[in-house]
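Generate coordinates for the entire structure from the input sequences, incorporating the hints supplied.
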Amino acid sequence: MLAYLPLLILSVLIQLIVALQYHEHAAFTPQHLRELKKHTKELFHHAWNSYMKHGFPADEVRPITCEPYGPDYDDPTNMRNDAMANVSLTMLDNLDMLFIMEEWGELENALNYLQENHATLFEQDTVVQVFEALIRWLGGLLSTHLLLTDVQWPDEPRYAEIRRICKNYDGFLLILAYDLGLRLIPAYQTDTNLPFPRVNLAKGVDAVPEHMNELTCTSGATTPYVEFALLSKLTGDMHFERLTGLSYWKIWHSRSRLGLLSMTMNPLKSEWVDSIGGVGALVDSFYEYAVKGAIIFNSDSLWLIFTKAYLALLTHLAQSIGIHDSTLFANVNTGSGEVVSTWIDSLGAFWSGVQVLAGRLTDAILSHLIYLKMWDYFDSVPERWCFVSPSMHLDPLKEKIANAINLEWYPLRPEFIESTYYLFRATKDPMYLQIGLRILSVFETRFKTACGLAGYQDIRTGQLQNRMESFVMGELLKYLYLLFDEANEIFLHQPFMSKKNWVFSTEAHPLWYTPEFGRQSAQEFKENLRVLRQKSTSSRTPSYKRSFIRTLWLKFVISDRKMIDTLAEPPIDRNNSLIDWQRLGITQVSPVLDSFDTCEVKPRQLKTNRNSFMQSGYYTWKNLFLPDAKYPTTLIRPKHLQKHSKILPNHYVELTPAFYHTFTAFAPEDKLRLHLQCAREATTTESDCVFSEVQKPEQHEMYIVTQAEQNSRFAVNDVVIPTLTGRFKLEVLKIGDIDSTNTLITKDYIRKARPNTWVSRTSEVLRVTRANGVKVGRYRTVWTTKESVQDKTMFKVSKDGRIFVQGRYVENFRVI
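Residues -19 to -1, 1 to 797, numbered by mature numbering (1 follows the signal peptide of the UniProt record, and there is no 0), are exactly what the sequence shown covers, in order.
No lab work stands behind these hints: they were computed from the structure. Errors might be hidden in some of the hints.
As the list claims (entries may be wrong) - Once the Cα atoms are required to be at most 30 angstroms apart in a straight line, the calculated DSS-like pairs of lysine-lysine come out as:
#	residue 1	residue 2
1	Lys536	Lys480
2	Lys507	Lys184
3	Lys728	Lys777
4	Lys733	Lys777
5	Lys148	Lys526
6	Lys379	Lys624
7	Lys767	Lys677
8	Lys767	Lys777
9	Lys231	Lys536
10	Lys481	Lys148
This is how it looks when you write it as structure tokens:
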């Protein structure tokens, strides 16, 4: 009978749950998840129908005043024009969302509209940003074309309509995408191989005011490579891939001596105009598309670019105490690696999603946590949030909030829910569903307006913003809807899509490519253009359509269709060490860059017990609330949010009573495993140490021990650096400190760490926490050769191989 007790309790709970509203419990049963999907879909319907009724064919609808919204023709310098051109932006950016929602009637109406207007849609005398037009418009067209031509929709009643639509589709979206590509690509036809950021859709680059093309950013210059390369492969016109590939290649090889990319450049002078690197705005999607491009095109070169870049980011940007703390990727000087700002931005929330795609689950959870904390306190993610306040003793509350939020708006950006979706698909931990539930509840009660969804103009006061950008539906609601699809009912999660190397673009458009389909598509595209050209000679064809078709045909005829590989990253000889591994009892090692080729399956933080029932691994993570203690002056709940306390009595997502009680109710008898008491905040400090010359991380010779003999001094996961070079992060351990592993540093601890030496109250020990970006910590050892530590002003080596740095003993640093 006792064996059935959990099931009996669960049956009682389910009966109680049925009587609750969807947001009042955290069961996440199939029925509950379907209810969450239903509510998310209703939000989409509200936003989409509002746009179609009050906004279309303009680019957007204003969610509060129910007005159409488009480019500012009176002020060409208005930044909103970057993504707007009177091209029905919201429709273009949400075509694939209509597939996901199975709104076949709306999809057919949208396709009919685009086909009727394809000859004039992009003939707009307005200046747009190439990056925005490419990721929103071109990405939407390419994704929809793939969904209509390269998906074998199952022979099921639910897909009958889309099969009919596909059968009648003539490929016009690819022609429309080609027309758009021809209008955007002149930005890349520069003497420096660095692109201008903006073009006039009708008149080209020369019609753009000079001051609007003086600066471009790393993301804007490199991200278009993926969509343009896909356009090249699907049409056979390779000059899109060639030109954007040259820019991508040049920028990658212009990174600093630390291996870091700056944010902004002058395309005319071919020079960087700043020395700031990060993972947020202006540089974010470079790293994103190195991973996603590697997936789409099966590119070893792009993957190698990412692994080199990732190691540099871990070496110089990752900020944490020890290896178990939440990790914040700060903005740093690309020449020195020093932190240059005290804020991070909302766009950086995408980063943990990229880490998931790259197979770094432990890292992803650590970098996701700080954005979860922002949502805990602000019910949103500020455009810029400060992790260091100018003063530790600010008062009143209003002043604290002002110092915590550097830029105060939240336009319903999708990056946090995007990463949450990826983490749930990788771990299946219910905490991510609870995050989605909280976001859904806030959207329904706070951000839903008369004609759409409106984010915060000012998080500090609660003032709403009278704008709904296309990504609100196309990204945020998409990821939220997919998050709740644990049953894999949505077509993207079904088996007939699993064999495709599809991945979401930076604008959440599903993209993929196979050489076989590419060759077929290029042949069909050429034939379609030829047929259109023949038809255009008919007097029945309107003159504007004849001109449109002739222009496309002439440009295609003279296009370069020679296949290229612009991103051929040279291979690295990673096994050039002269160390006799066999003599050391090491039977297998892996060069550090090779270690990124293996994906994590189980993150180190989320340790659920096999015998437990309905458990979140987050309750086994003792560092879950350390950010709250670490950033007490900038994680502050604004006063205006207090009025929502009846709906959200506990603003911590992690401590929502229904979720907490449900996912700790069936824990193992040894409740200590759940770490329901938090770890103490570390009081140790961290210091940097640079050995020898500074260089790109991939230039350091480093190995991970993957297999060792039983009697070897080396352990699996130890780090070997034959020639000591690069940047180390060291935790300083003093008597009375709490270290990053929640250990009290006592006199006995110091004495055991450094035997045969006198220990005083001021005695301290160092611990390597990172070596050239590689996590080390308390239970791994870094090894180097005796020849590398000959500088007696810096090092002292004991008879048994222990290393002292400037007189201080390093507990996990040894000589081979």
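Any hints from earlier that this structure breaks? Give me their numbers in increasing order, please. 1
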